[in-house]
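K.L.:
The chain contents come next:
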Amino acid sequence: MLHTAWIAILLLLAVRAGPEGPYQIILLPGPVAPAAHGEARLHFADSPFGIAVTADGRHRYDIRVTAADLPPVASLGAEYRAYVAWEVTPDLSRWHRLGVIGNGVSTVGTAEWNKFLLVITAEREREPATHVGPTVLHGTSPSGWLQTFLTHPLFRGISQ
Amino acid sequence: MKRCWPLLMVLVAAAPRLLGAQDTTDMAGMHMHDEGSMMPIPMPKGMVMLPGLVGLLPGVTPFLPGAGVDPASLPAAQPSRTVRLQDGDTLDLTAGLLTRTIRGHRFVMYGFNGQVPGPMIRVAQNATITVRFHNQIDLPSTVHWHGVRLDNRSDGVPGMTQVAVAPGGSFTYTVHFPDAGVYWYHPHVREDIEQALGLYGNMLVDAPEPGYYSPVNTEQALMLSDLMIHADTLIPFGKEAPDFALMGRVGNVPLVNGEPAYALNVRRGAVVRFYLTNVASSRTWNLSIPGVPMKVVASDVSRFEREERVASVVMAPAERYVVEAHFTKPGRYPLVNAVQAIDHYKGEFDPQVDTLGWITVSPAAATPDHGAAFARLRSNADVSTEMARFRAEFDRAPDKRLTLTVAVTGLPLTTVQFMSIDTAYFHPVEWVDGMPEMNWLSTARQVRWILRDDATGAENEAIDWTVKRGAMVKLRIYNDPKSFHPMQHPIHLHGQRMLVVARDGVRTTNLVWKDTVLIPVGATVDLLIDASNPGTWMLHCHIAEHLGSGMMAMMHVLP
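Chains as they are written, first to last, in this note's numbering: chain A, 1 to 160; chain B, 1 to 559.
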């Protein structure tokens, strides 16, 4: 009985800890636009096989961003012209421009890195080569929820 | 709630001691073996067995074919040979024991007519043949003619269209081929054993029009499978019920046409048409030939509306794809399966590449030169035209809705614990078995994979739909990502054809008739079924162990 209760608690907590399935990114606001919020949906890119992957097996997703309460971009600085979505590696070393978004639904480019951050920045142009403006929204790909268990006692016990 | 993760980890960390990780009192039929004995299944490099699972064995009797038979008395498997049959011809097809030598080790397995794959049956579209099946293996069996819209009586489903053929028995099938393309045959009894051990073969149905496909220099039929081998031993199967029930048996030895090293020699400039069939129990492939351009031409039951260039071919169990490749430069080119596995221990993706074989391109030029035809991406107006009458049905509400999920009972406590903490993310497609020991220990006695009718709550064999012949049935399938172990499912419908009209609300842009459709974790897929063939037909997951764990339903098409 105790076993069952423990397992039920663990299952409940674990299931509720993750994102809503493998295709949703919750977007959280940056400090310059604290009221902004939104989400992104990952849709498999067009493919004759139904699911789209690269030749080395990475999944390819078209990104659909739904944003709300983004302030007029010029309110963040007269030089800013557009909100731009980026696919960013978790270590922030690589940025791949996806496209321009606004309040409401925007379909941008295709993401194909295993784990990535989705970052929305205010930019001076619609197709900047690099990001220079402030971050207004950001989120983590569902795959970013993968956790390491290497330090977990369950596994440390193996070598004891 | 997401901030609960550290708390969750602490709770889980304490759980084994609180619960007693070796407590097996709830495990249905679980067997124990000596602590410290060798790991009986192959493990991915760097992966270790969880403490609570060491010493456990699946709760089924291990089974390998040919018990009591001297392997030396059995014939060695021969490669598949093409049998061209005319309308009205008869073929004798015998499932029997044979031996195969893989990586230097000889194993007793199965084959049709002494061949692995079985004979390639090549017929003209609209031909009808008779196949006299003889069961000479040590299990009951049948033959299912996968993808062929034939007479229901010959569909090969035990308990539905026939009684399983006992060892030593026979059954006569009448197989009519209304559609051109590549199909395959396999048993519909314990596919996890019989199909895995070699009982499969292709059927190639030629269209009457000579330009149905583009001209090529050569054709190759590749049947892709895998085996699980540890050292010099085939990992046994569950006698009473399938093991590896959680995600199906993903072998550690990939095979092309039953062999671990495919080889093809062609001349420079050759265009090769590959007929690809995934006959693996569970594995989804991502195939490519690096450096070689490819285009996809056709799939299960038809050509695509238009040909497309592709970097790789994604193929779920039971699916077929017709792909053409152009070898423009001399050299050696690997046929690879490249996937991103998940290392659950590190929480990272783990790129894996298996080389399945090599294509050697000689400097001499291929004749004739079909390069220009390869470069052209054809649009098949006849395919689109034939689909036109179905398009009005694409956007209407579904007639039927299914949810894919799973129920488990009696699994080892450690498995339950691990699955509990490993729920933060499920990959839409599991390309490899990242947890083979947990998977191995799960049997169909503990795992029940479920098709659930959203309207009635009926599950699996209790689903008994009836539709009229000529109906266009819109079926929406949702693969629940919040179940105990979400996993992709290749869903196969017997005796009919269907279109994938949308995935997660996004309309398919290049249609093709299918009989098997991959449903990734968390995905919603809309299918339009052309219910044109009367009879009682099975709808099921084509992961052999999922089918063996109950994941099947019925659809009656009234005359």
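Calculated from the structure, these hints are not laboratory results.
Where hints are given, some of them may not hold.
Taking lysine to aspartate or glutamate pairs in the DMTMM-like style, the calculated list, with each CA pair at most 25 angstroms apart, reads [to be verified]:
#1 A:K115 with B:E209
#2 A:K115 with B:D480
#3 B:K468 with B:E393
#4 A:K115 with B:E348
#5 B:K346 with A:D91
#6 A:K115 with B:D504
#7 B:K45 with A:D56
#8 B:K482 with A:D91
#9 A:K115 with A:D91
Sample of chain B residues lacking proximity to chain A, with all beta carbon distances greater than 10 angstroms (derived) [unchecked claim]:
#10 K45
#11 H105
#12 D232
#13 E240
#14 L264
#15 P290
#16 G347
#17 A365
#18 F394
#19 A455
#20 M552
Not everything, but these chain B residues come out facing chain A in the computed CB check (under 7 angstroms) [unchecked claim]:
#21 T128
#22 F349
#23 D504
As the structure is a computational prediction, the values presented were derived from the model and not from experiment.
Using N, Cα and C, we set each Cβ at its ideal position, and we do this for glycine too.
K.L.:
The structure should be examined with respect to each hint, and the outcome stated for every one.
P.N.:
Tested hints:
With a C-alpha separation of about 48 angstroms, the suggested pair K115 of chain A and E209 of chain B falls outside the 25 angstroms cut-off, and the hint is violated. With a C-alpha separation of about 22 angstroms, the suggested pair K115 of chain A and D480 of chain B falls inside the 25 angstroms cut-off, and the hint holds. For the hint pairing K468 of chain B with E393 of chain B, the CA-to-CA distance comes to about 16 angstroms; that is within 25 angstroms, so the pair holds. In summary, the hint linking K115 of chain A to E348 of chain B is supported, as the alpha carbons are separated by about 9 angstroms, within the 25 angstroms threshold.
For the given pair, K346 of chain B sits about 16 angstroms from D91 of chain A by alpha-carbon distance, which is consistent with the 25 angstroms threshold. A distance of roughly 21 angstroms separates the Cα atoms of K115 of chain A and D504 of chain B; the hinted pair therefore holds under the 25 angstroms criterion. Restraint check: the Cα-Cα separation between K45 of chain B and D56 of chain A comes to about 19 angstroms, which is no more than 25 angstroms; the hinted pair holds. About 29 angstroms separates the Cα atoms of K482 of chain B and D91 of chain A, which puts this hinted pair outside 25 angstroms; it is violated.
Our distance criterion of 25 angstroms between C-alpha atoms is met by K115 of chain A and D91 of chain A, whose separation comes to about 10 angstroms. Interface exclusion of K45 of chain B from chain A stands, the closest Cβ pair being 15 angstroms apart, more than 10 angstroms. The Cβ of H105 of chain B sits about 29 angstroms from the closest Cβ of chain A, beyond the 10 angstroms cut-off, so the non-interface label holds. Interface exclusion of D232 of chain B from chain A stands, the closest Cβ pair being 27 angstroms apart, more than 10 angstroms.
Annotated as non-interface, E240 of chain B keeps its C-beta farther than 10 angstroms from every C-beta of chain A; the closest such distance is 27 angstroms. Distance check on L264 of chain B: its Cβ is at least 20 angstroms (rounded) from any Cβ of chain A, clearing the 10 angstroms threshold; non-interface status holds. Residue-level check failed: P290 of chain B sits 7 angstroms from the nearest beta carbon of chain A, not beyond 10 angstroms. Its closest Cβ contact with chain A, about 4 angstroms, brings G347 of chain B to no more than 10 angstroms, contrary to its assignment away from the interface.
The non-interface label for A365 of chain B is consistent with chain A: the shortest C-beta to C-beta separation is roughly 27 angstroms, beyond 10 angstroms. Every beta carbon of chain A lies more than 10 angstroms from that of F394 of chain B, the smallest distance being close to 16 angstroms; the non-interface claim holds. Listed as outside the interface, A455 of chain B is consistent with that label: its C-beta sits roughly 23 angstroms from the nearest C-beta of chain A, beyond the 10 angstroms cut-off. Distance to chain A confirms M552 of chain B as a non-interface residue, since its nearest Cβ pair spans about 22 angstroms, more than 10 angstroms.
Residue-level restraint check for T128 of chain B is violated (minimum Cβ-Cβ distance to chain A is 31 angstroms; threshold 7 angstroms). The closest approach between the C-beta of F349 of chain B and any C-beta of chain A is roughly 4 angstroms, which is under the 7 angstroms cut-off, so the hint is satisfied. The interface hint given for D504 of chain B holds, since its Cβ lies 6 angstroms from the closest Cβ of chain A, which is under the 7 angstroms cut-off.
The earlier numbered hints that this structure contradicts are 1, 8, 15, 16, 21.
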